[in-house]
Structure formats: structure tokens, C-alpha cells
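Starting from the given sequences, assemble the full structure and let the hints guide the process.
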Amino acid sequence: AQTVTQSQPEMSVQEAETVTLSCTYDTSESNYYLFWYKQPPSRQMILVIRQEAYKQQNATENRFSVNFQKAAKSFSLKISDSQLGDTAMYFCAFMIHNNNDMRFGAGTRLTVKP
Amino acid sequence: ETGVTQTPRHLVMGMTNKKSLKCEQHLGHNAMYWYKQSAKKPLELMFVYNFKEQTENNSVPSRFSPECPNSSHLFLHLHTLQPEDSALYLCASSQDGQGAPNEQFFGPGTRLTVL
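Respectively, the protein sequence lines represent chains A and B. Plus 291 on top of the position in the first sequence (first one is 1) and you've got this note's numbering. Plus 47 on top of the position in the second sequence (first one is 1) and you've got this note's numbering.
What the hints contain is simulated information worked out from the structure, not anything from laboratory work. Hints may contain errors.
[As the list claims (entries may be wrong)] Straight line, CA to CA, 25 Å or less: simulated BS3-like cross-link-like pairs of lysine-lysine: (1) A/K364 - A/K346; (2) A/K369 - A/K404; (3) A/K364 - B/K88; (4) A/K361 - A/K346; (5) B/K87 - A/K369; (6) B/K87 - B/K99; (7) B/K83 - B/K65; (8) A/K404 - B/K87; (9) A/K364 - B/K87; (10) B/K69 - B/K99; (11) B/K88 - A/K369.
These numbers were taken from a predicted model, which means no experiment stands behind them.
Quick look at the structure:
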């Protein structure tokens with residue numbers, strides 16, 4: 292069975308600084324996808340960034356980037372130049388290729404302080 | 048209306064009540080999902096519908112009954128719930144197909160409290 296672990300229940304960062312959120316996963320599959328979702332307070336969950344396991348290059352989306360270490364089964368999210376609007380719950384998720392069953396971690400609550 | 052909408056946004060019910068949650072997606076997607084989000088726990092996938100056909104049922108108790116009359120609408124019928132069923136219920140949709148998975152778009156959720 293696939294599991295996703297986020298070891299940091301809560302984190303905080305000063306505005307404009309950089310923060311890294313950790314995620315590890317466990318699977319015997321070789322073809323899969325990894326995601327980071329953001330859930331702001333009382334707002335809808337949205338996709339932040341996605342990584343295909345077969346790609347060696349780390350995905351980037353503006354201030355968001357990932358460090359994907361396939362052998363270590365690690366998928367961390369780096370947020371650069373943190374903004375107050377980045378305050379949210381962040382969920383790491385995993386999905387096997389051609390399978391709708393997305394598995395989520397328990398989430399990390401990130402607070403950006405002014 | 049755009050995206051994924053859910054009604055009601057908040058629901059309080061007794062254990063003997065029967066209620067339904069509604070989800071509607073305006074994105075032309077062909078797959079819809081129900082998730083349960085409890086505090087400090089990972090999101091739990093409950094049901095998946097592809098092209099109106101249920102493809103996943105992750106051992107959800109029978110007191111939760113899904114219905115997908117068409118690819119745009121998804122319901123979750125609730126009856127004789129337990130207090131531990133109190134949670135945020137999220138609906139999502141995606142355009143399912145071969146190749147790389149498409150993003151799941153989430154609704155705002157229904158905050159359910161069972162007394």
C-alpha cells in the first residue's frame with residue numbers, strides 16, 4: 292500500500308524568507324506522480340506543483356520548487372520569498388499512473404509571519 | 048458558477064437524520080470524487096466515479112451512499128451517521144484519461160457535524 296508522510300505538522304517562516312516542507316512516501320511502483328496542494332484557511336484546495344516520477348528534473352512554478360529524490364522517496368517543497376498569502380495547509384499527495392486513488396499526507400500548517 | 052461547487056457549506060444533523068450533500072462541477076470533467084477530511088489526518092478518498100460509473104469504494108460504511116446521475120453532479124446521501132463522521136467532506140473533479148494524470152479541482156467542502 293502507498294503511504295505519504297509529512298513529518299512537520301506546523302511550520303512558520305518570516306515574510307520574504309525561504310521555507311522547505313518535507314514529504315516522504317512509500318511505494319513499490321515505478322511509474323507515479325507526486326503533488327503538493329495548498330489549502331488556505333476557509334478556502335478551496337488548489338494544486339501548487341506536480342512532478343512525474345520518470346522526470347529527473349525538479350518541477351518549478353514561480354516561487355515554488357520541489358526537490359525530488361526518487362531513490363530516497365522524498366519530495367520536499369521549497370517556497371522562496373514567502374508571502375503572507377502563502378499561509379495555508381500544505382498537503383503532499385501521491386498517485387500511481389493510470390489510477391485515480393490519490394493518497395494524501397496529513398498536511399503541514401504553514402504560517403508566514405510579517 | 049465556475050469550478051466545483053458544494054452545498055450546503057455547513058450541516059448539523061442528528062444521528063437519526065437523513066441528509067444529502069451535493070456537488071456540481073462546471074469544468075466538463077468526467078471523473079468526480081468524494082473525500083473525507085478530518086483534523087490532523089490525511090484526506091481519505093471515499094468514492095470515485097468515472098463516466099458516471101463508480102470505480103473506487105475504499106471500504107466506506109454503508110451509511111454513506113453516493114449517487115452520480117451524470118458527469119456534472121455528485122451526491123453523498125447520509126443516514127444514521129455517528130459523531131465520528133463529523134468532518135469536512137470535499138468533492139473534486141478531474142478530466143480522466145490515459146497518460147499523465149490531470150489536476151483534481153476541489154470544491155469548498157461541506158462542514159458536517161453529527162450530534
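To see whether the hints hold, each was checked on the structure:
1. A/K364 - A/K346: Given that 25 Å is the threshold and the Cα spacing comes to 14 Å, the pair holds.
2. A/K369 - A/K404: holds, 17 Å
3. A/K364 - B/K88: Cα-Cα ~21 Å, so holds.
4. A/K361 - A/K346: Status holds; Cα separation ~10 Å.
5. B/K87 - A/K369: holds, 22 Å
6. B/K87 - B/K99: violated, 31 Å
7. B/K83 - B/K65: holds, 18 Å
8. A/K404 - B/K87: holds, 22 Å
9. A/K364 - B/K87: holds, 22 Å
10. B/K69 - B/K99: Holds, at about 15 Å.
11. B/K88 - A/K369: holds, 23 Å
In the structure shown, a violation is registered for the earlier hint numbered 6 alone.
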